[in-house]
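Visitor: Chain residues, written in single-letter form:
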Amino acid sequence: MNNAKILIPLSKLPLLNIEAVSLIYGESDPELILETLQQFQTEAQGYVSQIALIWHTGAAEDVVRYVHSLKTMTAMVGAEKMSRVCRMLERQLRAKDVVEARRTYGLFEKVWLDTLQQLDLHLLTAQGDAADAQ
Amino acid sequence: MIPARTFHILVVDDVVLMCDFLFKVISSIKNCKVHKANDGRTAIEILASETIDMLITDIEMKAPNGLELLKRLRCGALNSAHDIPVLMFSGNTYKDMVLESLSYDVNDFLAKPLSADGLKKKVLFHLQNEKQIRDPEYYKNIQYVPEKKEAKTTEAPAHTESYKSHVAIVRTVPVAETKAPLQLHEDCSEAEPAVLVTWPDNSTTGFHQLDRRMQILAQRINSFYNLTLKQSKPIAIAAELKRICDAIDYLLFVGKKLQNHAYHQGMFWTVFNDRVAKLTELGQSLAKINPRYQAQLNPHLKRLSNWWVQTISRPFVRSVDESDQNE
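Quick mapping for you: the protein sequence lines, in order, are chains A and B. In terms of my numbering, the first sequence is residues 1 to 134. In terms of my numbering, the second sequence is residues 1001 to 1327.
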């Protein structure tokens, strides 16, 4: 399943595929999804900030670890594009391919902003729906 | 199938989102109590303070990482049973670590992203299907050598064409072990068994029946002590624990009978009953031990040893020469 997805070009991957949360948990409780996305937003933002902070200090091992963790959490919530970029960046950093890694980092920042925007939008809609339901 | 008793499962991941996911899913399994740790250090603390039945950990974390945890656990360096099932999250990125963790008998790998159903099935499977884990000594002697580094120093295997392994697991055999003749059974060992408690020479309680029961109890305690030193299989330790409990029961039975016949030795029986009360309590505690957990065995051994030292003294035991032989 994962191998098939690798063949899909990055540009075609969704920024946010909320179904992933339901698939992982095996239930589609809107409250659980909302809670998971909010938790993701807070934690992932922390990791992205940390990566930005240490990107220029040369602490490559720490960057790799944070990117790896970010890859895990983005995959969990269906942020497929971001997850793919994290995977690319992790691979390049491990291979010490600095030139490619720098290029990917630019993409990393851009895709993260797009993902965050999409996430904000989804959370606003979901919170509005929850308020209406009450 | 649902576990019959409460199982304590420790989940370790530095990604809080993942840790919470694991917590929620495994908590939904009946009779499973889940403990969370966001780093290796916290995991070690929990392993030391709780009786953990299963460890589920990510490989890549801030030190100590998942592999370090596995190594320390299997080597008996953590205050926890070394043979609990360990499940790890793996990824192709960490191929070397995955291969190394196999040498430490990791029970299973969980591929990310996980699904709740798949995770539950894995947890239940490993709670119900025990994997044979070797003694800590074995794991202490493991040296992991990646093949590409080893290639310069070792000869290529004869079947080079089909040889695809990327690792070599080398067990350092202690010098003494290489010289010793091949031993098929643990019992054949020529090494002197260790002694924790001894019945002093030329000593007696004044009743040969009690002397005999005490000597048998000492043998049982020493045998139990040797089994724990060798980190023998839980089944062997459980059997020895039962023998100790039987020896205690027999000693109490014999003491009670004798007391009815030799009630005139009031002072002796006062001491005897005091010591017996403590031994009874100790016996009850021994009967509840889970032999899989080394951490539970050591404190009991200490208590047994203390009891013995405090008991083998006057007026309970005295020299044969000065005994007035009540037999």
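Worth flagging that the hints you see were computed from the coordinates, not collected in a lab. Keep in mind the model is a prediction, meaning the values are calculated, not measured. Some clues are possibly wrong.
Said to hold, decoys possible - Simulated pairs of lysine-lysine, DSBU-like, Cα-Cα distance not exceeding 35 angstroms:
hint : chain 1 : residue 1 : chain 2 : residue 2
1    : A       : Lys12     : B       : Lys1112
2    : B       : Lys1062   : A       : Lys110
3    : B       : Lys1131   : A       : Lys12
4    : B       : Lys1121   : B       : Lys1131
5    : A       : Lys96     : B       : Lys1242
6    : A       : Lys12     : B       : Lys1120
7    : A       : Lys96     : B       : Lys1112
8    : A       : Lys12     : B       : Lys1233
9    : B       : Lys1120   : B       : Lys1131
10   : A       : Lys12     : B       : Lys1302
11   : B       : Lys1024   : A       : Lys110
12   : B       : Lys1233   : A       : Lys96
13   : B       : Lys1242   : B       : Lys1033
14   : B       : Lys1131   : B       : Lys1257
15   : B       : Lys1257   : B       : Lys1302
16   : A       : Lys96     : B       : Lys1230
17   : B       : Lys1257   : B       : Lys1033
18   : B       : Lys1112   : A       : Lys110
19   : B       : Lys1030   : B       : Lys1278
20   : B       : Lys1122   : B       : Lys1112
21   : A       : Lys110    : B       : Lys1095
22   : B       : Lys1278   : B       : Lys1302
23   : B       : Lys1122   : B       : Lys1095
24   : B       : Lys1256   : B       : Lys1122
25   : B       : Lys1036   : A       : Lys110
26   : B       : Lys1112   : B       : Lys1030
27   : B       : Lys1033   : B       : Lys1302
28   : B       : Lys1242   : B       : Lys1112
29   : A       : Lys12     : B       : Lys1062
30   : B       : Lys1288   : B       : Lys1233
31   : B       : Lys1140   : A       : Lys96
32   : B       : Lys1230   : A       : Lys12
33   : B       : Lys1122   : B       : Lys1036
34   : B       : Lys1256   : B       : Lys1131
35   : B       : Lys1278   : B       : Lys1230
Visitor: Which numbered hints turn out to be false for this structure?
Guide: 3, 5, 8, 10, 12, 14, 16, 17, 19, 24, 28, 32 and 34
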